[in-house]
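The chain contents come next:
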Amino acid sequence: MKRRVFLKGVGGAALAVPFLSSLAEQESKAQSAGAPPKRLVIFFTHNGCLTDRWFPTVEDGALPASALSSTLQPLAPYASKLLLPRGFRSMNGYAVGQTIDPHDQAMGSKLTCAKITEDSNRYATAASLDHVIAKQINPGGTTPLVLSVGAASTKIKEILSFSGPNTAFPANVNPQTVYNQLTGLFKASGSTPGTAPVTTAGDYKVARGASAIDLVKADLTRFQALKMSQADKTRVQDWLDLLRTTETGIMNTPSSCSADAAKAIGATDDAVKAASPAGAISGGAFAGGNSAAGNTNLATSFTLGGDMMMNLMALSMICDTNRMLMLLYPGYVTFNWDGIMHTHDHHGLSHRTGDFSVGGSCKVAGVLDMIQDIDTWYAKKYAKLVGLLDSISEGSGKLLDSTATMWLPELSDGAAHNLNNLPIVIAGSAGGYLKQGVAVNVEGKSIGLGNSTKTCVDGGDIGNTGSFGGNLPINKLYVTLMNAVGCKGADGGKVTTFGDFDGTGTTGGITNPGEVTKLLAAG
Amino acid sequence: MFHWRSGILLAAALAAGCTTGATDEPPGGQAGPGSNNPGGVSGATAGTGNNPGDPNNPAAPVDTNPNCTQGVVATSQIPRLTNAQYDRTVRDLLGISGLSASSNAPPSSILATDQAGSLTSLGWSSYQSVAEMIAAQVMADPTLKANFLKCTPSGDGKACLHDTIVQFGRRAFRRPLTDTEVAGFDAIVAKGAQITPTGAPLEVAEALLYMFLVSPSFLQRPEITETADNAGHFTLSSHEVASRLSYLLWGSTPDDALNQAADANQLGTPDQIMTQAQRMLKMPQAHDMVSDFHRTYLLMGTNTRWDNTNHDTSLFPAFKKELVPVIQQETEKFFDYITFTKNGSFTDFLLSPIAFVNAATAPLYGLDPSKFGADLTQTELDPAQRPGFLTRAGFLNAFSAYNRTSPILRGAFIAKQVMAVPIGSPPPGAEATPLPATADLDTNRKQVDQQTSGAACSTCHHNFINPPGFAMEAFDAAGAWQTKEKATGVAIDTSVDAMIDAKTVHLNGPAELMAKIAASPGAQRSYAEKWVAYAYERASNPTDACTVNQLAAKLTTSGYTVLNLIADLTQTQSFRLRAVEGAQ
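Protein sequence lines correspond, in order, to chains E and B.
If you count the first sequence from 1, position 246 lands on 352 in this note's numbering, and the numbers rise without skipping.
If you count the second sequence from 1, position 253 lands on 264 in this note's numbering, and the numbers rise without skipping.
Since the hints were derived computationally from the structure, they do not count as laboratory data.
Yeah, the Cβ is synthetic: ideal placement off N, Cα and C, and Gly gets one too.
Don't take every hint at face value.
[Unchecked claim] Some chain B residues flagged as far from chain E (calculated, every beta-carbon gap over 12 Å): (1) 157; (2) 191; (3) 196; (4) 286; (5) 460.
[As the list claims (entries may be wrong)] Partner residues aside, some chain B positions facing chain E, computed with beta carbon under 10 Å: (6) 89; (7) 165; (8) 208; (9) 413; (10) 526.
[What the hints assert, rightly or not] Below, a sample of chain B positions facing chain E; criterion: calculated Cβ distance under 10 Å: (11) 94; (12) 128; (13) 392.
Produce the complete structure using the sequences and hints provided.
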């Protein structure tokens, strides 16, 4: 663990130096040794959902499989490991007036609880939750693993992660990239740590890699002698730190991180290749130059690619390369796979108009059925991820148990663009920290299901498809999750605040600190 | 510079509701020759500080004085290659454009996504994997191998490998290696048997190539020469100038001629740089860069309006989804034609009647499809109807709604992107303002006029956004010429009082609008400013104001071509000098 890595660009995080000093001594002291590492996984989807078909009828209390909504039925096998927090709102009133585009604001403020910039890029003005958490809990304080299906993008509409103010941290979209890093860590099967290595081609590669790193270090060290800006000095130092962290990481890789483990979860050379589109991926509604190949690659990426990303996330957990992981599904694509053949992109469908325009009359026949296709498809994908993590043993439990795996939506209802009453579900207790098998109304008063399916049944005006209840600042959920995975506050105790604002006042600031004790197993 | 929030205080009535469209708006975004956009070309931002037509004070004179002193903006001196630059660099250095180990996909497809800030562990690991693949591929193919090894190793191979280190290192690092660096690579050769299966010279060569490809001096474009001038700036070396030239004009590494000029120290003066720039702009690689700039200018790209174009085909039977990439391509061909083939000027972008049409797009232009084949063919349209890119199918379709034109989208693009009127973000909820549909509102224009007549909307809309949009009502959502409202048959009125460079001008229809834009100093300055930002790979900065003013002043000169403008980007102080933020 390199202290310098930790200190860089803390941007918005409530970290204090005394805590960092202790971290300098041992890797990831934020978490107790011996027990399985705690992790946060965020599964992110765009454009909201049909909320009144998504929420379970139980708003507060035990959540048996039978209480799950039709959309969430794929999660029935895992009902006892689910937590449905009801009543959170992201990006409350303080920053609402920043831009005409609710998507820019929803994305930039979503994981930062901070404003977005006035620049045309509309990036966030602070680091996002995943970076704040990763700095504390990741081995070496390394950056989070942010993955996406679809085309790589640096546009705010598809950027959820920010490494610092006005600095996007775009997702990686090629399973091959992630796989290549992990295979470099695999322990040779049958070898015992500490024994004399058998000479193989792999050993030459290791020796060659070590020599290369010496050269790279020499090259970087020469830069250090120059009159550089602080930002450039930091980049050079961070690269040097990365070389050391990589070496340490290879040494500390768990023995379970092996080709056999990868094979067991379906991450083989051939499968990864099949899941990694070789050419350009369509990016827009039916775009990417609209080539047939681009659309085929998009479909591959959404189906095989996304599933492989899940496998690689599990493998990253096994190899302990990252404890803060995100998987994003972009929202401006037309679903043309897995038996779904849509004529409009998800975003346009969510507006009920088929395109960028909002309000007015319903223009797309059968639009609710098409949105339901997508909601169900995503529920199945989330269930697949939950099921995968629940199938891999770790310590006395499963990967899922030491993890909080959250499905976080961009919006509540896509036509209303509302951010209150968010449909959120969390699987796994992060090592027993979170309640399981329940829905919890965090607001304390009736919230309701929203009005997504009340209009557009027979055309007519779209009207207000949103809802009004459920306005507890999402900051408090993030604080709860930070504590769940072992983050510490400035005083070394629990984290109490996250973000720049949580209220509707005119000056921002945090008005309602603390975690949500109702969500805790102990609460 | 107008900002929405500060605008509330300064001009509440005005700012309380400028909207750019009754829709969500895909963002523009900053790019550079290195694009696809690295994730955060941020730095100092917000324009060059004296935009024309500031709604806060529309009558304010614009400081466009070209008799000024150019500033030098502090930038990173170790920018990493963007993925697009990486692909072009290994193509030009080694002849590799696809990885044989990965279905012939471009190398960058396996690199981590472009991202500003420090290198990540995934990014570093991806550089290593790709370097490994490239090194193996080069050594396995005699043609590719010749791009790396200029000699045949004999005996222990050390002499040849040493020569390769010196020669290939010069090209990979874009400067001669220092003696220390050569010794470092020679030491790798000496270790040959430990780091390769047999220690054979060709195996060691592969290891060397791998090491060059993961070197920070290759993966970054370092500017390290510390020759200070009197003003506290550093003068770039000829090698650093060569690198800037090639990454600006080609997005790639210098070629042999440029390397020779650098080695001979012949890139120190503006004249010497100009000679190279003019040579380089004649090469095919320059077309990619010019296309990429114009995609940025036009707000093209994935998840933009261009990509998401779609129309109700029952209303617009000439439109087909399959035409979306074709009309985009047509627009790109048009910009390439004006820039290179015609060697034209900014005004030609707005006035030229040249179009590229095929059988599928001919109906959009009212042309006979039987006269065209599958390829986009150069043709001349009626200059009274179709002057310039804003009257081509690409723009007209992209900036329309599904079932009608959008004067707001078209007008906002013209006002904000082309004329650089600094219209801020509209207030929340503006996009949900319903389009009124009473019987007396018998044209799209009347509906939109009514929709935007509220106090919160009208100042920006009625002065800046709607008028150019209404002039463009001569084209339907699919880009066809129209004189009557489709739904009601009422005649379409395209006469407007538009604000051009803070003056109200009465004009009638698209051709008159294009003539005004072409002659507008504000539009010319905006174009020049966007070039400065693009070429220097950063958001434009108040320090650039003087450079922009000087280029804009030239743009108004008759005979000053787009290629002249691009070449002049290499003539600035900012191009030859660098500044270090907080240097000690």
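The hints, checked one at a time:
no.	hint	result
1	157	23 Å, holds
2	191	8 Å, violated
3	196	7 Å, violated
4	286	30 Å, holds
5	460	17 Å, holds
6	89	5 Å, holds
7	165	23 Å, violated
8	208	6 Å, holds
9	413	4 Å, holds
10	526	28 Å, violated
11	94	8 Å, holds
12	128	5 Å, holds
13	392	24 Å, violated
Against the hints set out earlier in the document, violations occur for numbers 2, 3, 7, 10 and 13.
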